[in-house]
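So the sequences go chain by chain: H and P.
For the first sequence, our numbering begins at 19 and goes up steadily by one.
For the second sequence, our numbering begins at 860 and goes up steadily by one.
Be aware that a few hints might be false.
Listed below are the simulated PhoX-like cross-link pairs for lysine-lysine, each with C-alpha atoms no more than 25 Å apart in a straight line [said to hold, decoys possible]: (1) P:K939 / P:K881; (2) P:K865 / H:K399; (3) H:K399 / P:K881; (4) P:K954 / P:K881; (5) P:K937 / H:K399; (6) H:K47 / H:K183; (7) H:K415 / H:K357; (8) H:K82 / H:K47; (9) P:K865 / P:K881; (10) H:K226 / H:K183; (11) P:K983 / P:K939; (12) H:K399 / P:K916; (13) H:K415 / P:K881; (14) H:K157 / H:K108; (15) H:K299 / H:K183.
Calculated from the structure, these hints are not laboratory results.
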Amino acid sequence: MSIVYLDNNATTPLDPRVLDAMLPYLRDKFGNAASRSHAFGWEAENAVEQAREQVAALIGASAKEIIFTSGATESDNIAVKGVAHMYHDKGNHIIIQETEHKAVIDPAKYLEQNGFEVTVLGVDKYGMVRMDELAGAIKDNTTLVSIMFANNETGTIQPVAEIGKLCKERGVLFHTDAAQAVGKVPIDVEAMGIDLLSVSGHKMYGPKGIGALYVRRKKPRVRCEPVIHGGGHERGMRSGTLNVPAIVGLGTACALAQAEMPEESKRVTALRDRLWEGLSKNLTEIALNGHPEKRLPTTVNVSFLYVEGESLMMGFNDIAVSSGSACTSASLEPSYVLKALGVGDELAHSSIRFSLGRFTTEADVDYTVKRVSDAVNHLRKMSPLYEMALEGIDITKVQWAHH
Amino acid sequence: MAYSDKVVDHFEHPRNVGTLDKNSANVGTGVVGAPECGDVMKLQIQVDENDRIVDAKFKTFGCGSAIASSSLATEWVKGKTVDEAGQIKNTDIVKELALPPVKIHCSVLAEDAIRAAIRDLRQKQGAPGDKTAVAAK
Numbered sequence: 019m020s021i022v023y024l025d026n027n028a029t030t031p032l033d034p035r036v037l038d039a040m041l042p043y044l045r046d047k048f049g050n051a052a053s054r055s056h057a058f059g060w061e062a063e064n065a066v067e068q069a070r071e072q073v074a075a076l077i078g079a080s081a082k083e084i085i086f087t088s089g090a091t092e093s094d095n096i097a098v099k100g101v102a103h104m105y106h107d108k109g110n111h112i113i114i115q116e117t118e119h120k121a122v123i124d125p126a127k128y129l130e131q132n133g134f135e136v137t138v139l140g141v142d143k144y145g146m147v148r149m150d151e152l153a154g155a156i157k158d159n160t161t162l163v164s165i166m167f168a169n170n171e172t173g174t175i176q177p178v179a180e181i182g183k184l185c186k187e188r189g190v191l192f193h194t195d196a197a198q199a200v201g202k203v204p205i206d207v208e209a210m211g212i213d214l215l216s217v218s219g220h221k222m223y224g225p226k227g228i229g230a231l232y233v234r235r236k237k238p239r240v241r242c243e244p245v246i247h248g249g250g251h252e253r254g255m256r257s258g259t260l261n262v263p264a265i266v267g268l269g270t271a272c273a274l275a276q277a278e279m280p281e282e283s284k285r286v287t288a289l290r291d292r293l294w295e296g297l298s299k300n301l302t303e304i305a306l307n308g309h310p311e312k313r314l315p316t317t318v319n320v321s322f323l324y325v326e327g328e329s330l331m332m333g334f335n336d337i338a339v340s341s342g343s344a345c346t347s348a349s350l351e352p353s354y355v356l357k358a359l360g361v362g363d364e365l366a367h368s369s370i371r372f373s374l375g376r377f378t379t380e381a382d383v384d385y386t387v388k389r390v391s392d393a394v395n396h397l398r399k400m401s402p403l404y405e406m407a408l409e410g411i412d413i414t415k416v417q418w419a420h421h
Numbered sequence: 860m861a862y863s864d865k866v867v868d869h870f871e872h873p874r875n876v877g878t879l880d881k882n883s884a885n886v887g888t889g890v891v892g893a894p895e896c897g898d899v900m901k902l903q904i905q906v907d908e909n910d911r912i913v914d915a916k917f918k919t920f921g922c923g924s925a926i927a928s929s930s931l932a933t934e935w936v937k938g939k940t941v942d943e944a945g946q947i948k949n950t951d952i953v954k955e956l957a958l959p960p961v962k963i964h965c966s967v968l969a970e971d972a973i974r975a976a977i978r979d980l981r982q983k984q985g986a987p988g989d990k991t992a993v994a995a996k
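Bound-form chain H, shown alone (with noise of 0.2 Å):
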């Protein structure tokens, strides 16, 4: 049975030519670049700092302000807690917000229980941050705040440029966790005015277990207190041996993506809107999560109403994608980032999540609308909440026994 892909955002295939550029760095080109002593370790260290230069350029920084890492939530982790400690003398209070991936808010909590103040700010019905917001909860004693660039599961993306401003104007650092945006959507950090930025391999094409973290070194020169301490890797901020085949994939995915954005970012976005434009056409009572425009050119989250979202991808068991519902997460709790944009329970429950890439084409789309809306039809005829809706009974108003 042949799969279509349309999870993304979860992880995305290694493009073949990313591939082909690590190959030689998993046979005959071994060494260490750290090894500055022989061939070896030349040229090594030469590909990596190609790699480096391929990062920066993709999101107008210098080679010399990015760091690798293992990726985007390790980058996050330094960029929160390395932030958080570093200026721990001058302020001991972060802002974060609600729809954050938790790799920004877990460590953000740590640092709670350490001691630190965390503002956790709410987000509109798109999952926009509030500016007046934001700008009410910076307080003298801020160091940071962290908003990441575009979300994960509604593709919602943050007004960064904005963001990056007021942190200016008030003299804080401003970190955001651009893992799913690096790639998709131009990104420049000095005219949106970020400070760090957080990216990963394996969602733009690249390989897993590599990632980057941008640290700005002028206006100004940001530091990280390091989460790993050991042989002084990458400015003191990383230690460990470069991964040199991945860190190679990286740049290399990172070039490609820089070459074929324009192409690529027009082309998935016809894509997205064709795979809406399908569902919204053949069935009713279906409701787009996130915002209607400022989205990623691959995110398309939907609720079905009155269909769950596990026996939803039951029905098209060839299609991959994911759920906001509960009964396919460890915690069976809803999706915490629909609950922040203020979509019912009932909603979450209800959600699927459909991330489309480089590789999907048309017949994948075409495909999708037609055996999602035979899969909604399936279940409605055998949902009580949609008979009752056809029996004209408002669901949020019957009083259920909870369990």
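Position chain P against the provided structure of chain H, taking the given hints into account.
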């Protein structure tokens, strides 16, 4: 999560999906769960004059295991007397469908749905005055 073949079979070919007349005197209706929790089951039984269940229908909003549990429950109650049906245990459903621990609540809900339908039926039967009233509608 991988589903057992039986869950998949009930999901793809659900038994007894539908609705019985909830106002009928010999029909008991049970609705359990809540949309916010991700599961709502409606299970209905229809009895003959000997208290034997001659028909059963369900509708379920919930995951595949919840749909399968309620589909199986309707299959099992049919042909049983109401008292026999009341003896069905969620653990029997767990066993039959090979539900993993995280899905046991689906079987509990199915058991609750059967009990709720029986309760509704008994309530109707216990109040013959109501029965006439319903029949008159």
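Hint check:
At most 25 Å may separate the alpha-carbon atoms for a hinted pair to count; K939 (chain P) and K881 (chain P) meet this at roughly 20 Å. Simply put, K865 (chain P) and K399 (chain H) have alpha-carbon atoms about 21 Å apart, close enough for the 25 Å limit, and the pair holds. Taking the CA atoms of K399 (chain H) and K881 (chain P), the gap is near 18 Å; set against the 25 Å cutoff, the hint holds. The suggested pairing of K954 (chain P) with K881 (chain P) is violated, with an alpha-carbon distance near 31 Å, which exceeds 25 Å.
Under the criterion of a C-alpha separation no larger than 25 Å, the hint pairing K937 (chain P) with K399 (chain H) is consistent with the structure, at around 21 Å. Between K47 (chain H) and K183 (chain H) the alpha-carbon distance is near 44 Å, which puts this suggested pair outside the 25 Å criterion. In summary, the hint linking K415 (chain H) to K357 (chain H) is supported, as the alpha carbons are separated by about 19 Å, within the 25 Å threshold. Among the hinted pairs, K82 (chain H) with K47 (chain H) is consistent with the structure: their alpha-carbon atoms are about 23 Å apart, no more than 25 Å.
Proximity of K865 (chain P) to K881 (chain P) is assessed by CA-CA distance (about 29 Å); at most 25 Å being required, the pair is judged violated. Under the criterion of a C-alpha separation no larger than 25 Å, the hint pairing K226 (chain H) with K183 (chain H) is inconsistent with the structure, at around 33 Å. Between K983 (chain P) and K939 (chain P), the direct Cα distance comes to roughly 19 Å. Compliance with the 25 Å bound is thereby established for this hinted pair. Proposed proximity of K399 (chain H) and K916 (chain P) is supported: the alpha carbons are some 13 Å apart, at most 25 Å.
In summary, the hint linking K415 (chain H) to K881 (chain P) is supported, as the alpha carbons are separated by about 20 Å, within the 25 Å threshold. Restraint check: the Cα-Cα separation between K157 (chain H) and K108 (chain H) comes to about 12 Å, which is no more than 25 Å; the hinted pair holds. This hinted pair does not check out: K299 (chain H) and K183 (chain H) have alpha carbons roughly 41 Å apart, beyond 25 Å.
Consistency note: the structure conflicts with the earlier hints numbered 4, 6, 9, 10 and 15.
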